[in-house]
Amino acid sequence: MTDILTSSLRDATDTKVVVLRDGAIDDIAQVLGDAFPDRPAVVVADERTMAVAGHRVQALLGAAGMTSLDPVVLAATPELYAQYENVETIRDRLAGTDAVPVAVGSGTLNDLVKRAASELGRQYVIVATAASMDGYTAFGASIAVEGFKQTLECPAPRACVADTAVMAAAPESMTASGYGDLLGKVPAGADWIVADALGVEPIDPAVWQKVQERLHQALARPDALRAGDPSAVHELAEGLLMSGLAMQAHASSRPASGAEHQFSHLWEMEGHGVDVEPRRLSHGFKVGVGSVAMAALYEELLATDLSALDVEAAVANWRDRDELEAHVRALNPNPEFVDESVQQSLAKWIPADDLRGRLTTLTRQWEPLRERLQAQLLPASELQERLRAVGAPAHPSDIGLDWARFRQTYFRAQTIRKRYTVLDTLFEAGMLTELVNRLFSPEGFWGRQAA
Numbered sequence: 001m002t003d004i005l006t007s008s009l010r011d012a013t014d015t016k017v018v019v020l021r022d023g024a025i026d027d028i029a030q031v032l033g034d035a036f037p038d039r040p041a042v043v044v045a046d047e048r049t050m051a052v053a054g055h056r057v058q059a060l061l062g063a064a065g066m067t068s069l070d071p072v073v074l075a076a077t078p079e080l081y082a083q084y085e086n087v088e089t090i091r092d093r094l095a096g097t098d099a100v101p102v103a104v105g106s107g108t109l110n111d112l113v114k115r116a117a118s119e120l121g122r123q124y125v126i127v128a129t130a131a132s133m134d135g136y137t138a139f140g141a142s143i144a145v146e147g148f149k150q151t152l153e154c155p156a157p158r159a160c161v162a163d164t165a166v167m168a169a170a171p172e173s174m175t176a177s178g179y180g181d182l183l184g185k186v187p188a189g190a191d192w193i194v195a196d197a198l199g200v201e202p203i204d205p206a207v208w209q210k211v212q213e214r215l216h217q218a219l220a221r222p223d224a225l226r227a228g229d230p231s232a233v234h235e236l237a238e239g240l241l242m243s244g245l246a247m248q249a250h251a252s253s254r255p256a257s258g259a260e261h262q263f264s265h266l267w268e269m270e271g272h273g274v275d276v277e278p279r280r281l282s283h284g285f286k287v288g289v290g291s292v293a294m295a296a297l298y299e300e301l302l303a304t305d306l307s308a309l310d311v312e313a314a315v316a317n318w319r320d321r322d323e324l325e326a327h328v329r330a331l332n333p334n335p336e337f338v339d340e341s342v343q344q345s346l347a348k349w350i351p352a353d354d355l356r357g358r359l360t361t362l363t364r365q366w367e368p369l370r371e372r373l374q375a376q377l378l379p380a381s382e383l384q385e386r387l388r389a390v391g392a393p394a395h396p397s398d399i400g401l402d403w404a405r406f407r408q409t410y411f412r413a414q415t416i417r418k419r420y421t422v423l424d425t426l427f428e429a430g431m432l433t434e435l436v437n438r439l440f441s442p443e444g445f446w447g448r449q450a451a
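What the sequence shown shows, in the numbering used here, is residues 1 to 451, in sequence order.
One should not assume that every hint holds.
With a Cα cut of at most 25 Å, we get these calculated BS3-like pairs of lysine-lysine [what the hints assert, rightly or not]:
| id | residue 1 | residue 2 |
| --- | --- | --- |
| 1 | K149 | K418 |
| 2 | K348 | K418 |
| 3 | K149 | K16 |
Read the hints as simulated data drawn from the structure, not as lab findings.
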């Protein structure tokens with residue numbers, strides 16, 4: 001385990017052990033024995049991950065003389081989905097025992113076991129089989145309840161065992177998905193910089209360092225990741241694990257999630273990608289496209305002189321709470337989440353006088369803020385190149401989004417979360433429509449790619 005992982009565990013609320021190395025799976029018995037002495041274990045996997053690593057975990061526990069119950073193996077065909085019915089299946093299988101669940105798999109398995117263990121009031125261990133997302137060491141689980149994808153509360157695992165040899169052998173698409181998820185930390189960092197500069201949410205330097213210090217290094221070799229290079233997979237996995245630990249330390253997903261995730265969350269809330277063949281669209285794939293979208297918007301913003309913003313005009317056009325609610329309801333007619341969108345939007349509404357102060361700060365701090373953002377961001381075209389190099393979607397058409405719906409996402413994503421991002425800055429300044437129009441004009445980033 002690297003020094004940065006070791007130090008981050010000291011700040012984590014739930015996860016106490018991370019083993020990341022080639023051959024890490026060989027440590028599973030010791031990890032379980034140290035964390036849960038005299039407790040039986042039960043492997044939870046699907047048919048694919050049982051073959052990849054589950055049988056090996058079971059054998060290692062047996063060789064160490066540890067008690068392990070019959071594994072819980074879920075069907076993997078046509079594809080295991082993070083639906084609440086699977087949580088119930090796992091929970092009910094474990095309910096009559098005091099066994100420690102050992103999830104063997106990636107994002108879906110981790111979320112299912114995480115939630116099931118939480119409902120039983122017990123901790124769990126994850127054996128990661130792919131560097132496919134940052135949720136291994138994060139709290140919360142993305143679960144579809146009655147067909148509607150939402151984040152359910154539950155603690156992160158007590159321990160994570162991540163074998164780079166196993167992860168390097170995972171399907172190319174899973175590594176590409178992890179890359180897309182990690183790439184989102186670039187624009188997410190920019191959003192936190194904006195929130196910090198405007199006095200909305202200050203940056204925690206120690207937490208920032210966990211995610212951002214080695215971020216560009218972990219993203220530097222998409223070609224090597226596609227080829228399954230173990231050292232590149234190790235760097236990617238470390239970046240993903242650090243993101244989860246940072247969220248634990250901050251008690252929030254802010255260190256790893258900004259407007260690019262709001263793009264993905266909106267599409268997931270609407271069920272987009274659930275029925276895409278041959279596999280559902282992964283979270284990381286949607287985050288990757290959202291990252292390109294936000295990088296392009298930032299480019300338009302950085303080309304604008306906000307020091308010349310007409311603050312009084314923006315304040316005069318500011319909506320009151322009733323007008324804002326009407327605006328949000330018009331943007332989000334879906335009855336399944338429109339009320340929640342209204343609540344999230346109203347939670348970040350501020351009175352006109354406060355808006356005047358915030359926008360005045362923006363105009364006065366624009367030049368140093370622009371420099372900080374330029375140092376943080378990568379060009380949208382470069383993000384596209386990297387995503388394509390790793391084998392991930394890089395354009396809305398790659399994930400089946402029509403042009404009008406994609407364009408509207410810039411406006412709708414701003415309404416679904418109370419987290420402050422640059423979408424909110426532009427909305428408050430009365431500039432969001434103007435900059436999106438620029439993006440989709442014939443000369444704009446998306447206008448040039450409309451075909």
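Open item on the list: Of the numbered hints stated earlier in the document, which are not met by this structure?
Closed with: The structure breaks only hint 3.
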